[in-house]
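Residue numbers (my numbering), protein chains in the order written: chain G, 29 to 451; chain H, 3 to 167.
Rather than coming from a laboratory, the hints here were simulated on the basis of the structure. No experiment lies behind these values; they were computed from the predicted model shown. Hints should not be assumed to be uniformly reliable.
As the list claims (entries may be wrong) - Part of the chain G face toward chain H, derived, beta carbon under 10 Å: (1) Asp253; (2) Leu255; (3) Met372; (4) Val373; (5) Tyr385; (6) Tyr398; (7) Arg413.
The beta carbon of each residue, even a glycine, is placed where N, CA and C say it ideally should be.
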Amino acid sequence: VSDVAGTPQAVAPDEGDLRQETMIINMGPQHPSTHGVLRLLLELDGEQVIGCKPIVGYLHTGIEKNTEYRTWMQGVTYVTRADYLSPFFNELAYCLAVERLLGIEAPPRAQVIRVLFNELNRISSHLVWLATSGLELGAVSVMLYGFREREVLMEIFEAVTGLRMNHAYIRIGGVIMDIDEPGIDKIWDFLRVMPGRIDEFESILDTNPIWVERNRGVGRLSAADALAFGVTGPPLRAAGVAMDVRKDEPYSGYETYDFDVITRQDADAYARYSIRLDEMRESMKIVSQCLDRLKEPGPVMVEDPKVAWPAKLSVGPDGIGNDPAYIRHIMEESMEALIHHFKMVTEGVSVPAGEVYQPVESPRGELGMYVVSDGEHRPYRVKIRDPSFANLQAIPIMVEGGLVADGIAAIASLDPVMGGVDR
Amino acid sequence: LIPAEIAGRVRTRFPDAVVARGEVTVVVAREELLDALAFVREDPDLQLDFLSSVTATDHPGVTPRFWVVYELKSVAHRHRLRVKVGLADDDARLPSVVAMFPTANWHERETWDFYGIAFDGHPDLTRILLPDDWDGFPLRKTEELGGVNTRFHGAFIPPVDTRTT
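Please put together the full structure from these sequences, using the hints given.
Here you go:
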């Protein structure tokens, strides 16, 4: 270090003098324990965190702007990529919002399938949380178990929707294709295996003193603080507030399912962990009720040809695609069908002018879609209120005053997904 | 309360409240914003004490050009209210609500980042999702959808829409 004149200056303090200054370090944006590209500016006094500033935006992809340049139907394929661990929730919130603007409702069977896949998605999302949090706290075996179980769900998603992620399966007016018998059998198989597996996770982790010590009393967030910072989902319910959009403002028939909202009182990382395990059990309760209701056949898309997607799809060896019989129909048999197909695909549905805010309960909390239409064939504005975005604001009050290692556990317990935060 | 009752209660102080698609929207002037939020928060029948989201929409060529939108929820009553403030093109600023709702901090920064709407009294009104040196406010309707030059392996690659094969 030198001053402007180039004269060397003393860097080290006099011997015997204790250094009092704090250290500012960057954690992330590339760091194995920040759950993606989250950057934290930490001010440290030894091992103690005395200041923390989360910095986001590294994964911004302009999803909201992009939707304004695409048709209403194409919007589904954009929003599903926001929070990539809960694609079905993004799709559902968007489609419900657009359906409310259109003044239509999906057929009963489609609503059951939507609930079914939302709850399976909640389980798969919580499994990724369990796996990654386990890894961050040194429980590598839990990481392997979590991803093993999630893989079963990924295979179910792939068998039914053709894709493992970013399905665009829930569409305006229903779902894009019905679930077939082999798909339902796969879910029954999953339901038979999974309860035992959750018990297994619980017994591994609850008898592990390191896991319990590193989570109990760590990352406390009181109910008042959580609400002030807009925190929803398991972190809020861990503080004893039974706020759940599925119960408060039921959508897709959630009021007709039997399930409980899980709460804890301790408001720490351990409470969030135990809530998520119980939520997976509740989700399985809902899934089995859905499967019972699916015995009733019915349409999965609204009848109105001005809204419904024209093509019939089927899952082939390389994923989902246009059904060969449908292709033959529009290419060889019916000119009207071809014209209709062309018009629906290029222009699509036009939505009456207006605005709605549609919340759903995602694995991370309240996921809201504020959708504005000016009556055209494209959305005028799609705002995604992502729960991770709001939840992250609580990080400073959770980690300040604690140790760096506790900060890792606290952040993990919030389960932020940066795809949703940065959109 | 059901939406019509919420709207009726809000109208006692702020007359411009409507119900559409089961949602209540009240339009207030910029000067009334803090009063309105305090009123619906303190009123025992409303208790709208949870701020879900703050965002905006842009309507160039129309007055007001910007609408700033606040989505509120009541933790006790589980109902919602939307508060909207219209802003002129050449005067896109309004008071920050961070003191009342700490969660507004990032939401207001995002609205500034996307629309260039300034929130007076915000503790740290900087860009949040876009790079600090970004030029312009991308979600304004006057900004085109288009790529930017991307630095890749030491050279700048032009955006997709201006690239020729």
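Exercise. For which of the previously enumerated hints does the structure constitute a violation, in increasing order of number?
Worked result: Hints 3 and 4 are the ones this structure does not satisfy, whereas the remaining hints hold.
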